[in-house]
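Undergrad: Sequence:
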Amino acid sequence: MAEITLLWHDYETWGIDPRQGRPAQFAAVRTNCALEEVGAPLTLWCRLSGDVLPDPNAVMLTGISPQEAAAKGTNEAAFFSRINAELSLPETCRVGYNSLRFDDEVTRFGFYRNFIDPYAREWQNGCCRWDIIDLMRTAHALRPEGISWPKQNDGSTSFRLDLLTAANGITHDAHEALSDVRATLALARLIRQLQPRLYDYCFNLRQKNEATKLLNLSKREIILHVSGMYPAAKGCIAPVMPLLQHPRNKSEIIVYDLRQSPQMLLSMTPKEMEENLYARSEEMPEGFERLALKGVHINKSPVLAPISTLVPEMAAKWQIDWQQAEQHRQQLLADTTLMQRLTALYQQRSDTPPPDADTALYEDLISDSDRRLCNELLTKKPAQLAAWEPSFADERLRTLYFRYRARNWPESLNAKEQEQWRHFCEARLLEGQFGNELTVASYRQILEELVSSGAAEQQPELFKQLVEWVQ
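Numbering of the sequence shown is given in our numbering, commencing with residue 948 and proceeding in unit increments.
Just so you know, these hints were derived from the structure itself, not from any lab. Remember, predicted model here, so these are calculated numbers, not experimental data. Heads up, some of the hints might be wrong.
Here are the simulated distance ranges between beta carbons [claimed, not checked]: (1) Q1365 - E983: 46 to 56 Å; (2) G997 - Q1331: 19 to 29 Å; (3) Q1365 - P1337: 16 to 26 Å.
Okay, derived cross-link-like pairs now, BS3-like style, lysine-lysine, Cα gap no bigger than 27 Å in a straight line [what the hints assert, rightly or not]: (4) K1166 - K1247; (5) K1197 - K1264; (6) K1181 - K1247; (7) K1019 - K1241; (8) K1197 - K1218; (9) K1264 - K1019; (10) K1264 - K1328; (11) K1264 - K1241.
Just so you know, even glycine gets a beta-carbon here, dropped at the ideal spot from N, CA and C.
When you get a sec, could you build the whole thing from the sequences and use the hints?
TA: Shown next, in the form of structure tokens:
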């Protein structure tokens, strides 16, 4: 068996939504488990297709212009094909900073748009994924010694990568992909040096069976859970009780934060629970309290730990009262109808309209027969694709097939297809159709805001390139 290696990686993108924002740059560094580099670092660039605009705010943040990416980059199909080859090497654990919420989503949706299996490299051939942002939160909550923790205005700790590196003397050119990768790796080395047992413990939690052991639904014992969903002022940590497996997602366990009295939950119908959980905070009256229910995804390296890992002084700091937590647990266990009502709550499906094909990855799994067609598609040259009509059963793939050809090889389109592509681009860029939120009008509005705020003056050449991009 090959030795496991870690692929530390990062994307820079043209927008903040990983499902819609297109990639500009990818960088990666591979290490062994001792965090020693093996092989050369990798940097890739990706040019924009004709139906997408870059968010000017993202460009000003990263310093990457669409012109630079066009000069240095490949089309999206080649870009993601190269990334897939790197991620799919046997025994690769891909790692990032906030990567489960952002970078992994960029990868999944990019693979999906380009007919690459979006999930295979997460489990096949001994591959897996990890994210060290929760490693940092865990060190802060349980073993903070030796690390300088930057503060936000309210006095709570910030886990922003650039602030953590600055506070700990780590060289970092923020929002440049390879620099972000090396900064992430430097933080991991720091934690591994100062708290090796904690580092190893969190690394082992990348395996689903380790999380499943702690989320024991037959015992429903109190455990600790670390997550950015809990306030930094409370250590991003909570004493939770596992309640039930999500009825529509076997990889998700619903837990309850035992700091909150369960009386409100116990008195509610499934409909009332739904209204509470999905209410918009700004529309709620003062004093509104949201139910302390949360999903823990065992396939996303969740940080879970026995309560014995939290020393009394840290428990007090994070407002955890073990006696009260046990009382709340007993109240939940005593309600014989709670699990039935929670099952009814989570069985409900969203009534929101289906998304555009580009962002419909999670609407359904792709069938085996369609996946075989996708694999066949990836073996064909652009000229062959022009004469090939795959018989996809999945409507999403039928829609994406034309877009895939047009975005990556517009020169391969015949006259009729070129006209179809032109109309599609106009509908997206001028009218905001097909799920596009950044139109030419909104792009120009952002440019005006950059001028009025003074940001344009700070990077005049970059701003000039943004203006020229839509002329």
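Undergrad: Taking the hints in turn, state whether each one holds.
TA: Evaluated hints:
no.: 1; hint: Q1365 - E983: 46 to 56 Å; in the structure: 51 Å, holds
no.: 2; hint: G997 - Q1331: 19 to 29 Å; in the structure: 22 Å, holds
no.: 3; hint: Q1365 - P1337: 16 to 26 Å; in the structure: 21 Å, holds
no.: 4; hint: K1166 - K1247; in the structure: 23 Å, holds
no.: 5; hint: K1197 - K1264; in the structure: 34 Å, violated
no.: 6; hint: K1181 - K1247; in the structure: 22 Å, holds
no.: 7; hint: K1019 - K1241; in the structure: 43 Å, violated
no.: 8; hint: K1197 - K1218; in the structure: 23 Å, holds
no.: 9; hint: K1264 - K1019; in the structure: 50 Å, violated
no.: 10; hint: K1264 - K1328; in the structure: 61 Å, violated
no.: 11; hint: K1264 - K1241; in the structure: 22 Å, holds
In this structure, the earlier hints numbered 5, 7, 9, 10 are contradicted, and the remaining ones agree with it.
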